[in-house]
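Student: Residues per chain are reported as follows:
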Amino acid sequence: MAVVFAKTKMLCEKPFHYCPGCTHGIIHRLVAEALDELGIGETAIGVAPVGCAVFAYDYFACDMMEAAHGRAPAVATGIKRVCPDKAVFTYQGDGDLASIGTAEIIHAATRGEKITTIFVNNAIYGMTGGQMAPTTLPGQVTTTSPYGRDTSHCGWPVKVSEMLSTLTGPAYIARVSVHDVPNIKKAKAAIKKAFQLQMEGKGFTLVEVLSTCPTNWGKTPQEALMWVKESMIPAYPLGVFKDVTAQPATPEGGAQ
Amino acid sequence: MAIVTVNEDVCKGCGLCVDACPKKIMALDSSRINKKGYHTASCIRMEECIGCAFCAIMCPDVAITVEK
Numbered sequence: 000m001a002v003v004f005a006k007t008k009m010l011c012e013k014p015f016h017y018c019p020g021c022t023h024g025i026i027h028r029l030v031a032e033a034l035d036e037l038g039i040g041e042t043a044i045g046v047a048p049v050g051c052a053v054f055a056y057d058y059f060a061c062d063m064m065e066a067a068h069g070r071a072p073a074v075a076t077g078i079k080r081v082c083p084d085k086a087v088f089t090y091q092g093d094g095d096l097a098s099i100g101t102a103e104i105i106h107a108a109t110r111g112e113k114i115t116t117i118f119v120n121n122a123i124y125g126m127t128g129g130q131m132a133p134t135t136l137p138g139q140v141t142t143t144s145p146y147g148r149d150t151s152h153c154g155w156p157v158k159v160s161e162m163l164s165t166l167t168g169p170a171y172i173a174r175v176s177v178h179d180v181p182n183i184k185k186a187k188a189a190i191k192k193a194f195q196l197q198m199e200g201k202g203f204t205l206v207e208v209l210s211t212c213p214t215n216w217g218k219t220p221q222e223a224l225m226w227v228k229e230s231m232i233p234a235y236p237l238g239v240f241k242d243v244t245a246q247p248a249t250p251e252g253g254a255q
Numbered sequence: 000m001a002i003v004t005v006n007e008d009v010c011k012g013c014g015l016c017v018d019a020c021p022k023k024i025m026a027l028d029s030s031r032i033n034k035k036g037y038h039t040a041s042c043i044r045m046e047e048c049i050g051c052a053f054c055a056i057m058c059p060d061v062a063i064t065v066e067k
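Residue numbers (numbering that gives the first Met the number 0), protein chains in the order written: chain A, 0 to 255; chain B, 0 to 67.
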């Protein structure tokens, strides 16, 4: 019998501490498999965030560094400049990247740092108890917006992928989701492409992954996946926002 | 036939594999618990398994191994 699916060697044996049904684990696996399949896992260096994924350094079987809250892109910049031949990635949540770390991610992106950022967006602060995040949807109930996010005084969600794709530095920016099997496969392809472009020296790469937080959303794992599909994806449309390797579209009526 | 093995020490009983399975042969076993106190998942009709590995792809704890 052949093994169809087994845990990648790029993940450590230590069980994830995440809540039941939290899709952080799926995203960890996709990153680990991408590193393994590209043959860059042994020498890769990851930077862990502050937030639920703070213990990411315990799970990836490569060198890992812990950064201060939101500063992972700055730390990764230093690592990559010292070790330009190694794959360097940051793994950050929305509280880390889109709130306290906004300056770091924007400047790392616009400098075109040759790093890969995995941005896990679950529209809430998970570790601290479900407070409103910059990415919380209008009307979404959190512990600090018990009547739903009121845009009249809390504003609107930050759309990180759209925002960063206006810059010249990034080589690849995509938003994917992991709410079902086909989307998980697309997410893996996007993560793999991001690492590939990093190793080719094309520039900054970021993959935003829509994720769940069943505990703080107050939903079952199954309901949480449905909520991603029905509420998050309309607000955060999936797709590739920037790809420097994409062929320019053929003008209408032009030569094929 | 394929073989689905669930690492019961790691499974948190979230049930995402149960929903992902196209043959509907994954189930949570409510008659027992693992050392963390979760009802773990298992394949209840292994002979029907087609080895698509959807359960393993969906598992957030990478607790499932599939052989075919």
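Simulated from the structure, these hints should not be mistaken for laboratory data. A few of these clues could be false.
[As the list claims (entries may be wrong)] Taking lysine-lysine and the DSS-like style, the derived pairs with C-alpha atoms no more than 30 Å apart in a straight line are:
hint: 1; chain 1: A; residue 1: K158; chain 2: A; residue 2: K192
hint: 2; chain 1: B; residue 1: K34; chain 2: A; residue 2: K8
hint: 3; chain 1: A; residue 1: K218; chain 2: A; residue 2: K85
hint: 4; chain 1: B; residue 1: K67; chain 2: A; residue 2: K218
hint: 5; chain 1: A; residue 1: K85; chain 2: A; residue 2: K228
hint: 6; chain 1: B; residue 1: K35; chain 2: A; residue 2: K192
hint: 7; chain 1: B; residue 1: K35; chain 2: A; residue 2: K85
hint: 8; chain 1: A; residue 1: K185; chain 2: A; residue 2: K218
hint: 9; chain 1: A; residue 1: K158; chain 2: B; residue 2: K22
hint: 10; chain 1: B; residue 1: K22; chain 2: A; residue 2: K218
Student: All hints are to be evaluated individually against the structure, with a verdict given for each.
Tutor: Verification of the supplied hints:
no.: 1; hint: A:K158 x A:K192; result: holds (21 Å)
no.: 2; hint: B:K34 x A:K8; result: holds (25 Å)
no.: 3; hint: A:K218 x A:K85; result: violated (40 Å)
no.: 4; hint: B:K67 x A:K218; result: violated (35 Å)
no.: 5; hint: A:K85 x A:K228; result: violated (35 Å)
no.: 6; hint: B:K35 x A:K192; result: violated (37 Å)
no.: 7; hint: B:K35 x A:K85; result: violated (38 Å)
no.: 8; hint: A:K185 x A:K218; result: holds (25 Å)
no.: 9; hint: A:K158 x B:K22; result: violated (38 Å)
no.: 10; hint: B:K22 x A:K218; result: holds (25 Å)
Of the numbered hints stated above, those contradicted by the structure are hints 3, 4, 5, 6, 7, 9, listed in ascending order.
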